[in-house]
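Sequence lines, in order, name chains A and B.
Counted from 1, the first sequence has number 218 at position 218 by this note's numbering; the numbering is strictly sequential.
Counted from 1, the second sequence has number 215 at position 215 by this note's numbering; the numbering is strictly sequential.
Think of the hints as simulated: they come from the structure by calculation, not from any bench.
It is possible that part of the hints are untrue.
To be verified - Capping the alpha-carbon separation at 25 Å, the derived lysine to aspartate or glutamate pairs in DMTMM-like fashion look like this:
| no. | chain 1 | residue 1 | chain 2 | residue 2 |
| --- | --- | --- | --- | --- |
| 1 | B | K81 | B | D53 |
| 2 | B | K272 | A | D71 |
| 3 | B | K75 | B | D62 |
| 4 | B | K43 | A | D93 |
| 5 | B | K223 | A | D5 |
| 6 | B | K43 | A | D71 |
| 7 | A | K219 | A | E199 |
| 8 | A | K219 | B | D53 |
Residue-level listing of the chains:
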Amino acid sequence: MNLFDILGPVMVGPSSSHTAGAVRIGQVARALLGQRPVRANLLLHGSFASTGKGHGTHQALVAGLLGLSPDDPRVPDSFALAEEQGLEFSFGDCALREVHPNSVLVTLEGSEGGRLEMGASSPGGGRIQVFQVDGLDTSFNGELPTLVVHNSDQPGCVSQVTGVLAARGINVAALQLNRGRRGGSAVMVIQCDQPIPPEAADDIRALPAILRVSCYAPKQEVPQ
Amino acid sequence: MIEFTSIQQMLDSALEDCLPLWEAILRADCHSQNISREQSLAKMQAMLQAMEDADRSYRAQDRSASGLVGGDGGKMADYAKRGDALCGPFLSEVMAGALRMGECNACMKRIVAAPTAGACGVLPAVLLPYARQFGADREALVQALYIASGFGMVIAARASISGAEGGCQAEIGSAAAMAAPALVHLQGGTPVQMANACAMAVKNLLGLVCDPVGGLVEVPCVKRNVIGAMDALSAAQMALAGIESRVPADQVLDAMAEVGRSLPHTLRETGKGGLAATPFGQQYAPEKPEP
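Construct the complete structure from the given sequences, taking the supplied hints into account.
Next comes the structure, spelled out in structure tokens:
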């Protein structure tokens, strides 16, 4: 908790959890897709589904998918902006088990054919929690530079990926690894203390057994 | 330097280092975030600017998505202009400012959460008219924002700044308890008077429930920004007059935490009790999502 968690954030209203957090969920989903989203399906759970309309949650999610920030005054007009930028979207309700009431399942299709399924919650204060990527459990909040690596479940993957980071002096703050089944596909989520340069992501892409690499860089809020 | 977990500790630390309280809070922030003084000041100036921009973004014709709020800031300003208003020009400005900001938030304008989006009207409603009435410059206002956030940090650490956790006392109550010491600072009061102002502002709204109609940040949230701003002004004026809170500030915050924990679930931002449960409120009850 710092001073600017108390005074701030600067955000488009009306709710830090239902509006600001929803924009951030969209931003993270766009980053993890790694390309411009052209189609999105958003399934709202719990309080997002029941009070989302009055909180602008729908517009906020789409704004984030378009890459807008929680303080962008265009957040309320995101539907029109989506049409201009060629993003088709649809909404529905869903009932998930054992997740926070403010949750959404996002399915995205990108301009280069990429696909992403992501589940995330917005528990309050504009903070978020990504609890699922492509059907596999995760737990990260996007407050640190985050690397998401899809790989085949083979020996040595973690060591090779963290080796690339170590060689560039990037410190790992937290690492999670989950696989669907033995020898199947796995997702590695690596939260780092330093920004992840695009070259590091390229080096990881070139490793054997790596299926996909995407990065989320939180916005640097402190003015330089 | 460590983070402040009590008001007494915050005041003591400023005293030990022979610093004005706002400066001690600024330095603690630089230390904990590992940023320079210039970076912290620039960020705080940006917060002040965003508050001023938000106030100017108000349009009386705007309505929220539900249609429940909008236009009251305009009504208040018109009434104040008539010349026979019940409250004088300064208080009328404060009330109009609180309504404007609360309505801006409900109408999806860009605001500064202080400490929350629902309570975003209290601080700017007292600070911006104060600057016009008493001629405070930007530097003084930025210092006042450090005072407000320092007290807010302790409230967050000892009690809560979340309606879901502690009811509306944690949102509007906290905002008032941040604004009151900020006003004392602007009027040249002492840190002890600031602590008294904070304590009295909390005490006056202790137990306030969070009961939003339809679960939306609209009714009664917008108008509660007015009572938060008036609470801050009255607590600051009492403290400046030398009136003390009999219960020490830190003990008041502990009571606030305990009261928050005792509030039933229905009165903590669930939209299920209080005003939300009235026949009027029920018309706006959230739809049950399809299974």
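Verification of the supplied hints:
Between B:K81 and B:D53 the CA atoms are separated by roughly 23 Å; this keeps the pair inside 25 Å, and the hint holds. Proposed proximity of B:K272 and A:D71 is contradicted: the alpha carbons are some 30 Å apart, above 25 Å. Distance restraint check for B:K75 and B:D62: the Cα-Cα separation of roughly 13 Å lies within the 25 Å cut-off, and the hinted pair is therefore satisfied. For the hint pairing B:K43 with A:D93, the CA-to-CA distance comes to about 39 Å; that exceeds 25 Å, so the pair is violated.
Straight-line distance between C-alpha atoms of B:K223 and A:D5 comes to about 24 Å, which keeps the hinted pair within the 25 Å bound. At most 25 Å may separate the alpha-carbon atoms for a hinted pair to count; B:K43 and A:D71 meet this at roughly 15 Å. A hinted pair counts as satisfied when its Cα atoms are at most 25 Å apart, and A:K219 with A:E199 qualifies at roughly 19 Å. Taking the CA atoms of A:K219 and B:D53, the gap is about 22 Å. The hint holds against a cut of 25 Å.
Of the hints listed earlier, those the structure fails to meet are numbers 2, 4, in rising order.
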